[in-house]
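A.B. asks: So you can see what is in the structure, the chains are spelled out below.
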Amino acid sequence: MSTDTAPNPQTGVAQDIPTGTRVPVSSFVSNLREYGLILALIAIMVFFQLTTGTLFKPVNLSNLVQQNSFIIVMALGMLLVIVSGHIDLSVGSVAGFIGALAAMMMVIWPLGGFFANPLVVAILCLIVGGAIGAAQGYWIAYHRIPSFIVTLAGMLVFRGLCQGLLGGGSSVGPLPDSFKALSSGFLPEILGTWVLIPPTVNAAGKTIFGSGVTLNLTTVVLGIIAVLAFAISGVRSRRTREKHGYEAEPFGLFVAKTIVISALALFFVYQFAVYRGFPIVLVVMGILVAFFVFITRHTTIGRRVYAMGGNIKAAQLSGIKTERLTLLVFINMGVLSALGGLIIAARLGQAVPAAGLGSELDVIAAVFIGGASAMGGVGQVISTVVGGFIMGVMNNGMSIMGVNVDWQQVVKGLVLLGAVVFDVYNKNKG
Amino acid sequence: MPSYILEMRDITKTFPGVKALSNVNLKVEEGEIHAICGENGAGKSTLMKVLSGVYPAGDYEGQIVYRDQECHFRGIHDSEEKGIVIIHQELALVPMLSIAENIFLGNEHAKFGVIDWGANEKRTRDLLKKVGLREDPKTLITNIGTGKQQLVEIAKALSKEVELLILDEPTASLSEKDSQALLDLLLEFKRQGITSIIISHKLNEINRVADHVTVIRDGRTIETLDRSEISEDRIITSMVGRSLEDRYPPRDPKIGEVYFEVKNWSVYHPLHADRQVIKNISMNVRKGEVVGIAGLMGAGRTEFAMSLFGRSYGRKITGEVELHGKPVDVSTVGKAVKRGLAYVTEDRKVFGLNLIEDIKNNITIANLKGVSRNGVINDLRELDVANEYRSKTNIRSPSVYQKAGNLSGGNQQKVVLSKWLFANPEVLILDEPTRGIDVGAKYEIYTIIARLAAEGRAIIVISSEMPEILGISDRIYVMNEGAIVGEMAASDASQEKIMRAIVRGEGKAA
Numbered sequence: 001m002s003t004d005t006a007p008n009p010q011t012g013v014a015q016d017i018p019t020g021t022r023v024p025v026s027s028f029v030s031n032l033r034e035y036g037l038i039l040a041l042i043a044i045m046v047f048f049q050l051t052t053g054t055l056f057k058p059v060n061l062s063n064l065v066q067q068n069s070f071i072i073v074m075a076l077g078m079l080l081v082i083v084s085g086h087i088d089l090s091v092g093s094v095a096g097f098i099g100a101l102a103a104m105m106m107v108i109w110p111l112g113g114f115f116a117n118p119l120v121v122a123i124l125c126l127i128v129g130g131a132i133g134a135a136q137g138y139w140i141a142y143h144r145i146p147s148f149i150v151t152l153a154g155m156l157v158f159r160g161l162c163q164g165l166l167g168g169g170s171s172v173g174p175l176p177d178s179f180k181a182l183s184s185g186f187l188p189e190i191l192g193t194w195v196l197i198p199p200t201v202n203a204a205g206k207t208i209f210g211s212g213v214t215l216n217l218t219t220v221v222l223g224i225i226a227v228l229a230f231a232i233s234g235v236r237s238r239r240t241r242e243k244h245g246y247e248a249e250p251f252g253l254f255v256a257k258t259i260v261i262s263a264l265a266l267f268f269v270y271q272f273a274v275y276r277g278f279p280i281v282l283v284v285m286g287i288l289v290a291f292f293v294f295i296t297r298h299t300t301i302g303r304r305v306y307a308m309g310g311n312i313k314a315a316q317l318s319g320i321k322t323e324r325l326t327l328l329v330f331i332n333m334g335v336l337s338a339l340g341g342l343i344i345a346a347r348l349g350q351a352v353p354a355a356g357l358g359s360e361l362d363v364i365a366a367v368f369i370g371g372a373s374a375m376g377g378v379g380q381v382i383s384t385v386v387g388g389f390i391m392g393v394m395n396n397g398m399s400i401m402g403v404n405v406d407w408q409q410v411v412k413g414l415v416l417l418g419a420v421v422f423d424v425y426n427k428n429k430g
Numbered sequence: 001m002p003s004y005i006l007e008m009r010d011i012t013k014t015f016p017g018v019k020a021l022s023n024v025n026l027k028v029e030e031g032e033i034h035a036i037c038g039e040n041g042a043g044k045s046t047l048m049k050v051l052s053g054v055y056p057a058g059d060y061e062g063q064i065v066y067r068d069q070e071c072h073f074r075g076i077h078d079s080e081e082k083g084i085v086i087i088h089q090e091l092a093l094v095p096m097l098s099i100a101e102n103i104f105l106g107n108e109h110a111k112f113g114v115i116d117w118g119a120n121e122k123r124t125r126d127l128l129k130k131v132g133l134r135e136d137p138k139t140l141i142t143n144i145g146t147g148k149q150q151l152v153e154i155a156k157a158l159s160k161e162v163e164l165l166i167l168d169e170p171t172a173s174l175s176e177k178d179s180q181a182l183l184d185l186l187l188e189f190k191r192q193g194i195t196s197i198i199i200s201h202k203l204n205e206i207n208r209v210a211d212h213v214t215v216i217r218d219g220r221t222i223e224t225l226d227r228s229e230i231s232e233d234r235i236i237t238s239m240v241g242r243s244l245e246d247r248y249p250p251r252d253p254k255i256g257e258v259y260f261e262v263k264n265w266s267v268y269h270p271l272h273a274d275r276q277v278i279k280n281i282s283m284n285v286r287k288g289e290v291v292g293i294a295g296l297m298g299a300g301r302t303e304f305a306m307s308l309f310g311r312s313y314g315r316k317i318t319g320e321v322e323l324h325g326k327p328v329d330v331s332t333v334g335k336a337v338k339r340g341l342a343y344v345t346e347d348r349k350v351f352g353l354n355l356i357e358d359i360k361n362n363i364t365i366a367n368l369k370g371v372s373r374n375g376v377i378n379d380l381r382e383l384d385v386a387n388e389y390r391s392k393t394n395i396r397s398p399s400v401y402q403k404a405g406n407l408s409g410g411n412q413q414k415v416v417l418s419k420w421l422f423a424n425p426e427v428l429i430l431d432e433p434t435r436g437i438d439v440g441a442k443y444e445i446y447t448i449i450a451r452l453a454a455e456g457r458a459i460i461v462i463s464s465e466m467p468e469i470l471g472i473s474d475r476i477y478v479m480n481e482g483a484i485v486g487e488m489a490a491s492d493a494s495q496e497k498i499m500r501a502i503v504r505g506e507g508k509a510a
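Heads up: the sequence lines are chains L and A, in that order. The numbering of the first sequence is the numbering used here, which starts it at 1 and goes up by one. The numbering of the second sequence is the numbering used here, which starts it at 1 and goes up by one.
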């Protein structure tokens, strides 16, 4: 304990206290939960792979991503809402409303030209989503109306507006192909394909050697770049830590961790590459996930959200403008709900009155399975994404197994409860 | 041979990584008031949790013998059945329920689950009379002060046929008057044959009521003092393991020109619009000066400080704040911080810390700009800052990644101080900076205050402990009922003089 600046008149006391052994705080221990969650996801995937045999099939992986991306996109916003000590029940309705709005703009309303362009429509819809978030956040932040109530109202209002916009019970479509690409499209192939092992064909036209697997090169290259970037940034942050005299996690552990994660990533890259490449929505999701990891871990605004959720009074007395921050969190949620709505509409190819119905519960479940605290102040982006995929994989796996939808609900409910019970049990034990 | 009501033998309790208690022994005689002293984190509260069954039998080693019978309490319920009742530092009352409802919570006079309110209220009245509290049993807890709430807790204990009453720092948040009343009550209980264990930092109180004092240090019993051996100096020596000549660090004040000035400051109550809480206060602080604000609980000192600091309290605030003779806008916390003000709260758990975050994040939260560029935090710079302040203020923890909620009171206070030191304020308002922390940590905090003053900062210290105000201030304002009723140089101030100012002020206000 260096006390070069502090006068230390009482050496007796100063060195008395730290009784017991020091517990080394490695990042491994502190992130144990995150690793546990990833292991759980892998275990669930392996289980379904063994029972169904199709989960890891390239086409199914693409489906999995396309089916669940909107949940994860909205869960990113929900994480911040929950960390700041609130809840948003309106996201499913907002998503449905935005999907309807987008469809009306592109298909029904005679806007023509510029305003019917899918990209312009998408941007306008995101802005509307932000405005919806602001409208709800305003009551929550500045008038201290409980978010549960405000967004419950929003849930009713926007479901109603969604149905009204679509003119009762009808669906509106078909949406333009360029819009549908958001959900069902794949990254365009620029580099061409590459046949992994050229098949050798015998006289009868049967393949006797080689798989004939063709790889989507763009995907391979992007995947390798991403994995390399991950590894290099890991090494660099380790170096700077050491240079500043702080202990990093044990070298062996670091290497093992990096290799395992890279190998897993490359496995999935390969699976996508042998099919049609990266789905566009996966890329969108990936960018958003990276963005929110950065926001929550490395920016002042992220730090303030956690501080506000942990103790709002202390945050206010530390000079944090909690009202504005709450508003911002809900605007962010609105924008991401809108994006979720666009993804749903693009996947269905049309806007339907029930789009996003009940999805707020999946979104909230993903965040809580990811270990966020209902009291606020606690929660991680990566864990939330993993939580979302746990839900998604179970949906997907059980559907392939032919489990009845009713029973799927039961299982999902129990998994949510189990995850949170596990968390609370661990916390009490620690 | 005295008869012991309670013997705790060789109690050892281990938490992951820390031995909180090792072979602690405690013998309490029938019908006495037994005090337990020790620095924060010494293990007093842990010991009481072992006794009351919060840490169930099997979770610790050692024996608990109560009335010559070995006990294995599996929860609070078991210990209460035997007549052992503990009243925690943080009161366990439900604010929106009435006194009667709280007293009989979980223990209602009821038939088939239907509550007999008449019986409850009658019993409550009897109990309230016993503890000397004149309130309607229907009054909501939230509408009575902390002192009275404490009495409700004691009445609740009495309702459980208490034989051994344990009070964990009962007077920590009470005014002088309420504390006296509470201690008198304990003496009255003693006459009635109720045994009490009292944990306290206030040595004068222990001196007054205790028959025996057991001192605990670093999870070990140091010694048990007899009535005849009890003296403040003796206890302090035993608590810190050496004698403590000076309770306040020496200072050589270099006082400069007036830096911080408040003029005609008035504040109204946030809920009752016509109640003026702060009445036309004017005051100033010079560079390098430590100004104390003395007064009783409820004099309006905290309200004054918080209203100054970004209008964090009250409404219809009028008056002016000047720095260096120029009026400045401190109407939001952000602006106040920017102008160089800092307010270290009296209630660190509620207003000061994010208990679920680590030390590092708590230290930097009021000055994130200092560790970031364009909104992006520089992790290593932040780590450097956190470590720097951790050693500057001598926070005892394995690392800066320790959660604030797991620290002892003194260390939490140092984290709050570090947070504001890192914001680099010119004017520092410290509200009860040493409340509920031990003698050693107090001295460290006084040292930090002295150092800040020596650096030329203007410092305001609010404290209810008069010796502390007298010990560290250069000049003292006395506040009562929202107004300043006296000002004196520390050199010619005394406890009597301060009290006289308060009493005279009370006369004036009436």
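These are calculated hints, taken from the structure and not from any lab test. Mixed in with the good hints, there may be bad ones.
Said to hold, decoys possible - Simulated crosslink set (SDA-like; lysine to any residue; CA at most 25 Å straight-line):
#1 K190/A - H298/L
#2 K321/L - K148/A
#3 K313/L - F254/L
#4 K313/L - M96/A
#5 K160/A - E176/A
#6 K257/L - I295/L
#7 K313/L - G113/A
#8 K287/A - K316/A
#9 K138/A - K148/A
#10 K321/L - G436/A
#11 K313/L - A172/A
#12 K138/A - G298/A
#13 K427/L - K148/A
#14 K316/A - I145/L
#15 K313/L - G31/A
#16 K403/A - I145/L
A.B. asks: Run every hint past the structure and note whether it holds.
C.D. replies: Now for the hints, and whether the structure bears them out:
{"no.": "1", "hint": "K190/A - H298/L", "in the structure": "violated, 59 Å"}
{"no.": "2", "hint": "K321/L - K148/A", "in the structure": "violated, 36 Å"}
{"no.": "3", "hint": "K313/L - F254/L", "in the structure": "violated, 39 Å"}
{"no.": "4", "hint": "K313/L - M96/A", "in the structure": "holds, 21 Å"}
{"no.": "5", "hint": "K160/A - E176/A", "in the structure": "violated, 28 Å"}
{"no.": "6", "hint": "K257/L - I295/L", "in the structure": "holds, 24 Å"}
{"no.": "7", "hint": "K313/L - G113/A", "in the structure": "violated, 39 Å"}
{"no.": "8", "hint": "K287/A - K316/A", "in the structure": "violated, 30 Å"}
{"no.": "9", "hint": "K138/A - K148/A", "in the structure": "holds, 14 Å"}
{"no.": "10", "hint": "K321/L - G436/A", "in the structure": "violated, 30 Å"}
{"no.": "11", "hint": "K313/L - A172/A", "in the structure": "holds, 22 Å"}
{"no.": "12", "hint": "K138/A - G298/A", "in the structure": "holds, 24 Å"}
{"no.": "13", "hint": "K427/L - K148/A", "in the structure": "violated, 35 Å"}
{"no.": "14", "hint": "K316/A - I145/L", "in the structure": "holds, 24 Å"}
{"no.": "15", "hint": "K313/L - G31/A", "in the structure": "violated, 44 Å"}
{"no.": "16", "hint": "K403/A - I145/L", "in the structure": "violated, 31 Å"}
In summary, the numbered hints that this structure violates are 1, 2, 3, 5, 7, 8, 10, 13, 15, 16.
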